[in-house]
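Trainee: Spelled out, the chains give:
2 protein chains.
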Amino acid sequence: MFERILVPVDGSQGALKALKLAVEMQKTTDAELLILTVYRHHSLREKSMSMVRASDPSNMDDVLREHSKEIAEHAKQYALEHESPRARAFVKAGQPARTIVKFAKDKDADLIVLGSRGLGDLEGYLLGSVSHKVTSLADCPVMVV
Amino acid sequence: MFERILVPVDGSQGALKALKLAVEMQKTTDAELLILTVYRHHSLREKSMSMVRASDPSNMDDVLREHSKEIAEHAKQYALEHESPRARAFVKAGQPARTIVKFAKDKDADLIVLGSRGLGDLEGYLLGSVSHKVTSLADCPVMVV
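Each protein sequence line maps, in turn, to chains A and B.
The opening residue of the first sequence carries number 95 in the numbering used here; numbering runs sequentially from there.
The opening residue of the second sequence carries number 95 in the numbering used here; numbering runs sequentially from there.
FYI, nobody ran anything at the bench for these hints, they're computed from the structure.
From a predicted model like this one, the values you see are computed outputs, not experimental measurements.
The reader is advised that the hints may include incorrect statements.
Which copy is meant is left open, so a pair is good if it fits within one copy or across any two.
[Claimed, not checked] No farther apart than 16 Å at their CA atoms in a straight line, the calculated lysine to aspartate or glutamate pairs in the EDC-like style are these:
#1 163 to 202
#2 186 to 167
#3 111 to 204
#4 111 to 233
#5 114 to 177
#6 196 to 175
#7 111 to 202
#8 201 to 177
#9 201 to 155
Given the sequences, and given the hints that come with them, work out the whole structure.
Mentor: This is the structure in structure tokens:
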């Protein structure tokens with residue numbers, strides 16, 4: 095039924111619920127499980143916070159990337175521990191909804207599972223609107239958990 | 095994984111895609127498949143078309159209900175023909191998104207599968223916004239197809 099299930103995670107409780115269901119779906123269908131964490135480039139973040147200027151933007155990007163890697167790897171670990179062996183973790187920079195939809199297309203994902211609400215703070219996520227955008231833009235079915 | 099899958103149908107191509115996937119999900123999980131067609135009460139329709147007055151409102155409701163029954167039964171037939179025997183068809187009157195969400199709660203559905211866009215004309219559906227509303231209001235996962 096599904097061959098490649100994409101689950102975007104951001105460390106939120108909503109994303110954890112989505113991950114749990116995606117792992118169940120993966121085991122039922124024997125699909126690949128693609129775990130993706132998206133972070134906003136410092137340049138993008140700066141646009142919306144033009145009053146705040148970091149002293150070292152490149153370092154800020156590094157910190158965000160490392161933090162995102164940890165979130166994605168942690169999710170992958172969860173999958174492996176729950177007998178879902180076909181999990182791979184990815185990290186991308188960009189606007190969350192568009193990056194998720196583009197990644198799904200690039201990887202030929204045939205299902206996206208995501209939380210109805212994620213982090214609305216540090217990561218600039220507001221996954222409520224991310225999930226709406228993803229369901230509108232994606233070519234494949236989107237399961238909002 | 096799922097015990098009761100709800101699929102709202104309105105006769106649109108989007109709803110048919112949702113129905114096809116819901117049937118696949120039903121067969122994989124051996125869940126019950128609840129098929130629901132929602133029509134708007136004439137009183138509700140009249141609100142948004144206050145310039146138009148039908149000569150016989152009760153008759154208009156009957157026509158809408160019969161039409162909706164046909165759509166739901168047709169969808170059930172599709173399920174039966176595709177080896178998905180646990181299908182039941184329902185018809186309800188009301189505002190689409192709220193009626194779908196309430197029905198899901200009443201029936202303890204643990205998954206709603208619906209088209210990203212449905213009929214935006216006669217039935218007053220505009221399922222684009224219906225799917226957004228349902229994903230926001232539902233207590234269970236919603237798969238937008």
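Trainee: So which of the earlier hints does this model not fit?
Mentor: 1, 6, 7, 8 and 9
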